[in-house]
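Let's have the full structure, built from the sequences with the hints guiding it.
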Amino acid sequence: MSTRHILLGLLSSGPSHGYDLKRRHDERFPQARPLAYGQVYTTLQRLVRDALAEVEGTDSDGGPERTVYRATEDGERELARWAGETAPPAPFVANEIFAKVVVAILSGGDPAAYLLRQRDAHMARMRELTKVKTTPGADLATVLSADYALSHLDADLRWMTTTADRLSTLTAEVTAR
Amino acid sequence: MSATTEPLLAARDLVKAHGRTDALRGASAELHAGEVLAVTGPSGSGKSTLLHCMAGILRPDGGSVHYEGLRLDTCTEDRLSALRRTDFGVVFQFGQLIPELTLTDNVALPLMLAGTSRREARARAGEWLGRFGVGDRADARPGELSGGQAQRGALARALVTGPRVVFADEPTGALDSLAGEQVMTELVSAARASGAAVLLVTHDARVAAYADREIRLADGRAAVTEGAV
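First to last, the sequence lines map onto chains A and B. full-length UniProt numbering applies: residue 1 is where the first sequence begins, and numbers increase by one. full-length UniProt numbering applies: residue 1 is where the second sequence begins, and numbers increase by one.
Worth flagging that the hints you see were computed from the coordinates, not collected in a lab. Note that the Cβ used here is the ideal one computed from N, Cα and C, for glycine as well. A couple of the hints might just be wrong.
Straight-line alpha carbon distances no greater than 20 Å define the calculated EDC-like cross-link-like pairs of lysine to aspartate or glutamate that follow [said to hold, decoys possible]:
id	chain 1	residue 1	chain 2	residue 2
1	A	Lys131	B	Asp204
2	A	Lys131	B	Glu186
3	A	Lys100	A	Asp154
4	A	Lys131	B	Asp212
5	A	Lys22	A	Glu56
6	A	Lys131	A	Asp154
7	A	Lys22	A	Glu65
8	A	Lys22	A	Asp61
9	A	Lys100	A	Asp110
If you want the ones that stay clear, here's a sample from chain B, every Cβ over 10 Å from chain A, calculated [unchecked claim]:
id	residue
10	Arg12
11	Asp13
12	Arg71
13	Gln96
14	Ile98
15	Pro99
16	Leu109
17	Gly135
18	Asp139
19	Glu144
20	Ala174
21	Ala179
22	Arg221
What follows is a list of derived Cβ distance ranges for each label pair [as the list claims (entries may be wrong)]:
id	chain 1	residue 1	chain 2	residue 2	range
23	A	Glu27	B	Gly19	57 to 63 Å
24	B	Glu127	A	Pro15	50 to 56 Å
25	A	Thr58	B	Gly133	47 to 53 Å
26	A	Phe98	B	Glu77	50 to 56 Å
27	B	Glu144	A	Glu56	56 to 62 Å
Dropping the structure here:
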């Protein structure tokens, strides 16, 4: 996930300061990990260094003085390029679950029991996300974020079911080498 | 909804064969008042048979089904029919609405069978159809409805009598994913609003995630149960 492009995207709707960008990011992407302030400021400094954003001035608004940033023309061009570019469909997703199954086989553990526990954990999370998105008044951004996570968890579950059905073959293959 | 209260509906050690195939081999499940329970498992694991036995549609070959102190597996057919009219609502994968009747008359039918006047039954059917967003299709026959509309009609028919238990067997199985999500949201919110418990059979984890709790069947037995009780 490119924080730099997302912040640039938020800046493209008008000049803004770091605190405001963080708040808008967390609102816009409700199920994403909230941005840390430190990360926001570091990213803004890099955008300025690369001439994709510039300092417009300061704004105190009665409180502490804040640096206001705006996107440059180069920034707008870079943003358009990035937003239109397809994300690479990952050829191999980093798969901790598969790693644990293989390690369990190698170390004489119980991969079937592990897969059942993992399935329970996935289902529990899916129930939580379903509650989040079906809460009356949930906005569409929340529903779509939850749906994205649910689709991925569901894909994991399908993979775990298939893997559980093929554990004896996998065990033979892993232990033969 | 706690482990210490008596379940509303309880199946114990159910055995049921279809011909030579053992569908259930000692399956047990408990449904508490007001909860949504998902029964999941691969095809052939016996989940639909479990639902049919718990709804009194099928009689098990062995084991027992208790509903509020009544033995469903041994009580008379008359008693079962009465119970299915007043206390139970059922939704299947394909709505199974009666093709010759309008949507309103389909929904009104269970009320009329229970003795409500036609006028009153149709009025209440209309309210439920409105609640599920298909009030404007009230005069359509099932053949003129989309899958999602027909399934909303089936939900209305299952809930119109104010049942204490709704049995839903793959209720989204014939719908595309968005229509399926909408039907599940409406089913669960309507059941929660009226205090009905739901026994939900599904092979789809995303549908099962609407439930409070899950029982997983494998080879005709409850393998694992999880979630908050």
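| task | Find the nearest Cβ of chain A to the Cβ of Ala179 (chain B) and say whether that gap is larger than 10 Å. | result | 14 Å, holds
| field | 20 Å Cα cutoff - pair Lys131 (chain A), Asp212 (chain B) | value | Satisfied, since the Cα-Cα distance of roughly 10 Å is no more than 20 Å.
| query | Holds or violated: Lys131 (chain A) with Asp154 (chain A), Cα cutoff 20 Å? | reply | Given pair Lys131 (chain A), Asp154 (chain A) holds - Cα atoms ~16 Å apart, limit 20 Å.
| message | Assuming the hint says 50 to 56 Å, is it satisfied by the Cβ distance from Phe98 (chain A) to Glu77 (chain B) or not? | response | This hint holds: roughly 53 Å between Cβ atoms.
| Going straight from one Cα to the other, do Lys100 (chain A) and Asp110 (chain A) come out at no more than 20 Å? | 10 Å, holds
| task | Against chain A, does Arg12 (chain B) hold up as non-interface, every C-beta pair farther apart than 10 Å? | result | 24 Å, holds
| query | Regarding the assertion that Arg71 (chain B) does not contact chain A, is the least Cβ-Cβ distance greater than 10 Å? | reply | 32 Å, holds
| query | So the hint says 56 to 62 Å: do the beta-carbon atoms of Glu144 (chain B) and Glu56 (chain A) match that? | reply | 60 Å, holds
| request: Hey, is Ile98 (chain B) genuinely clear of chain A, shortest beta carbon separation above 10 Å? | output: The claim stands: Ile98 (chain B) keeps its Cβ more than 10 Å from every Cβ of chain A (closest is about 31 Å).
| request: Would you check the hint for Lys22 (chain A) and Asp61 (chain A), treating anything up to 20 Å between C-alpha atoms as holding? | output: Holds - the C-alpha atoms of Asp61 (chain A) and Lys22 (chain A) are around 17 Å apart, at most 20 Å.
| task | Could you let me know if the closest chain A CB is still more than 10 Å away from the CB of Arg221 (chain B)? | result | 15 Å, holds
| said: Given the hinted pair Lys131 (chain A) and Glu186 (chain B), is their Cα-Cα distance within 20 Å? | reply: Holds. Lys131 (chain A) to Glu186 (chain B) sits at ~13 Å (cutoff 20 Å).
Hint violations for this structure: none, all hints satisfied.
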